[in-house]
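Going down the list, the protein sequences come from chains A and B. FYI, in the UniProt record's numbering the residues of the first sequence are 1 to 211. FYI, in the UniProt record's numbering the residues of the second sequence are 1 to 460.
A few of these clues could be false.
Which stretches of chain A does chain B cover? Using the computed rule of at least three CB atoms under 8 Å from a CB of chain B, they are [stated by the list, open to error]: (1) 7-17; (2) 81-92; (3) 105-111.
Only some residues are given here: those of chain A computed to face chain B with a beta carbon under 8 Å [said to hold, decoys possible]: (4) SER20; (5) ARG57; (6) SER160; (7) SER161; (8) ARG189; (9) ASN190; (10) THR192.
Estimated spans, in silico, between C-beta atoms of each pair [what the hints assert, rightly or not]: (11) ARG237(B) with GLU23(A): 39 to 49 Å; (12) ASN27(A) with GLU256(B): 30 to 40 Å; (13) ARG434(B) with ARG157(A): 51 to 61 Å.
These are calculated hints, taken from the structure and not from any lab test. Beta carbons are placed, not taken as given, at the ideal position from N, Cα and C, and that holds for glycine.
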Amino acid sequence: MVIKVVLADDHPLTREGFKSYLENRENIKLVGEASDGESALKVIRDQLPDVALIDIRMPGIDGVTLVRQIRQEELKVACLMLTSYDAQQYVLASLRAGAKGYILKTASPEELLRAIEIVASQGVYLDKEVATAVEEPGFTPESLSPREREVLLLAGRGESSKEIASKLYISERTVQTHLASIYDKLGARNKTEALLLALKYGVVTLEELLE
Amino acid sequence: MKKHLLLILTLLILIPSVAILVVTGWGVVEHEKAMKNIAESYVLDLAQSVAMQVDRPRFMRRNLMMSRSLESFALDISLPGWVALVDESGNLLAASSRAQDVLPQLWQGGIPVGRAILVRGPFGDNYTIAAIPTSQGWYVIAAVAWSQLLGPMVRFSHLWPVAVGLLAIAGVCAAWAFWRWLIMPLLSLESEVSSLKWGKDLPKKDDPFAVKEIRRLRKVLYQLAQTAREREELTQRYVSDLVRVQEEERTKLAREIHDGPLQDVTALLQRILLLKRENWSDKAKKYIEIAEESATEAVKELRGLCDSLSPPWLDLGLSQALTELTDRLARVYGVKIHLETSELPEVDKDTILAFFRITQEAINNAVKHGHAGNVWIKLFYEGKSLMLSIEDDGCGFDFEGDTEALRVKGHRGIANMIERMHLVGGSIDITTSRGKGTTVVCTVSLPFVGEEASSDAFDV
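If we strip away everything but chain A, and leave its shape as in the complex, we get (with noise of 0.2 Å):
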């Protein structure tokens, strides 16, 4: 089965270069690009890609709004942007629009394709500049309580600690301490970050997120 491909970057030198990180591959076929937000929301109407590769920066509709517009369109589409902004609030941001992945333009080609197969088949992906916070090797995320779920669902979804305690009928205090020790599980340093890596591992879904 061979991948289908959109490229939304108004930069023509790397959109050049992601064009030839794509060329030749069996099982990946670009089939449109675009150098702004509409021309690209066009191509992928037109085209339905598997995938479409958009940057956040761009003229005229910006990245994470053609995601948006894409999901309220209900196009099957599993977006991934390509981007040079390593602000892990843009990956979340991305991600809440409906973004499946998140890669920085510096990623190698094969991290792109590996980045394009994994949205393709609906996993998620995430640059491991943006969601990495524990370098050390063999680090492996011990699994979280069903009530740690709970409490990093809601800080997912923007609530802050008050609101999550009064809705799981629990004092701020207790919030605080699931946080802490998601974060021990999870290796992040802050609740960005512990989302990520909990998408990331696995540990909570895009779809649990955006519920």
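Please build the complex by placing chain B on the supplied structure of chain A, with the hints as guidance.
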């Protein structure tokens, strides 16, 4: 002496007034007494001289014609007053001219014999009357009206208290006017000017109670304060422009780096990565590896440069921007930053930037100067106001609100924070003291009513 000039001047007006009142009061009383004495001795003299004439033997012989002769001696005396001769049972034997008319009215109340008394006439005027016994057992009664005897002196004694009273009233009025129109306006002007924030406040434009000179002084002061305020506003605008232009430049530069060099170096890295896939000699492979490392490093540096100039993630919204910032600073400094945000309405770009820069500065200060281990940041929306509080457990510093002094010493951070809030029309409150940590509270009222974040912002 000079210090209390106003008090002394007031006393100088009041003391003579009081002194004149006292002296005049005493004078009037003494004058009254003197007039009384004169009238008494005059009346006694008159009565006695008539009594002596009545006692003469030849008078007895002619007593049938007394009436006429009494008149003649009374005329002989040719002095003011009235004289009458009465027998023991009170029948009038003889009287000087008009004495029959006047005297009976006066002795109605009875007259003691041998001494003079003061009697009030029917019109309130003063009379002195006296009765002297003669050897026949009769009485000589003499009386005089004060106005007749002492004419101008009586009028004077009536006018004098009135004149002095007017003088005293004038003195008190002068003292009152002096206080009301001069001293009080001066004092109020002084207290107003001493508490005036130069370049910010204006004194009252006019004081209708003050004298012309003080009103003029006030006007001049008002104009000076106005000029100072205008100049301050101009400086403020200038500083604001500087900050705004600086921010604009930073944003522009960051965008240009992101769209230009960063993409170019990324494209370069892509080609290097593509090159890597070909077959090369070991030497060439090594060069390519070095090129890859350099290009990767350059991308990271350019990205860092963009972030330090004006991070692109400011576009994500206030809580996202603050979350990203605090996550990054916590990682860089190794401190714990506890960020708590609640649901916020849409916040304008300028406010996001102001809060972002203030948070950045406050955390930097807390760590670098305060050596804080924890920073607590709270961001909440309440009553149409957006509040940001940043508290640390650092060592704090001595701060009495004088940002100018800090700026002069080279610590521009706090002045900048205040400037940032000023730019978005918000207020900032910094509380700190040595060993107590620092708390920065910023409040800005959002012009629109609590709408939820609109769909074109990334709702994280």
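Against the structure, the hints come out as follows:
Counting residues of the region 7-17 of chain A whose beta-carbon sits less than 8 Å from any beta-carbon of chain B gives 5, enough to reach three: the coverage restraint holds. Check result for the region 81-92 of chain A against chain B: holds, 8 residues qualifying (beta carbon to beta carbon below 8 Å, three or more required). Coverage of the region 105-111 of chain A by chain B holds in this model, with 4 residues showing a Cβ closer than 8 Å to a Cβ of that chain against a need of three. Taken as an interface hint, SER20(A) checks out: its beta carbon lies about 6 Å from the nearest beta carbon of chain B, inside 8 Å.
Annotation: ARG57(A) was flagged as interfacial toward chain B, and the flag holds, the nearest CB pair being 7 Å apart, inside 8 Å. Here the hint on SER160(A) is kept, as its CB sits about 5 Å from the closest CB of chain B, short of 8 Å. Evaluation of the SER161(A) hint against chain B yields a held restraint, the C-beta minimum of about 7 Å falling below 8 Å. The beta carbon of ARG189(A) comes within 6 Å of a beta carbon in chain B, closer than 8 Å, and the hint placing it at the interface holds.
Because the beta carbon of ASN190(A) sits about 5 Å from the nearest beta carbon in chain B, less than 8 Å, this interface hint is met. Taking 8 Å as the C-beta cut-off, the interface hint given for THR192(A) holds, the closest approach to chain B being about 6 Å. Distance hint for ARG237(B) and GLU23(A): a CB-CB separation of about 57 Å, inconsistent with the stated range 39 to 49 Å. With their beta carbons about 38 Å apart, ASN27(A) and GLU256(B) fall inside the hinted range of 30 to 40 Å.
Restraint check, ARG434(B) to ARG157(A): a C-beta distance of roughly 43 Å breaks the suggested window 51 to 61 Å.
The structure shown violates the earlier hints numbered 11 and 13.
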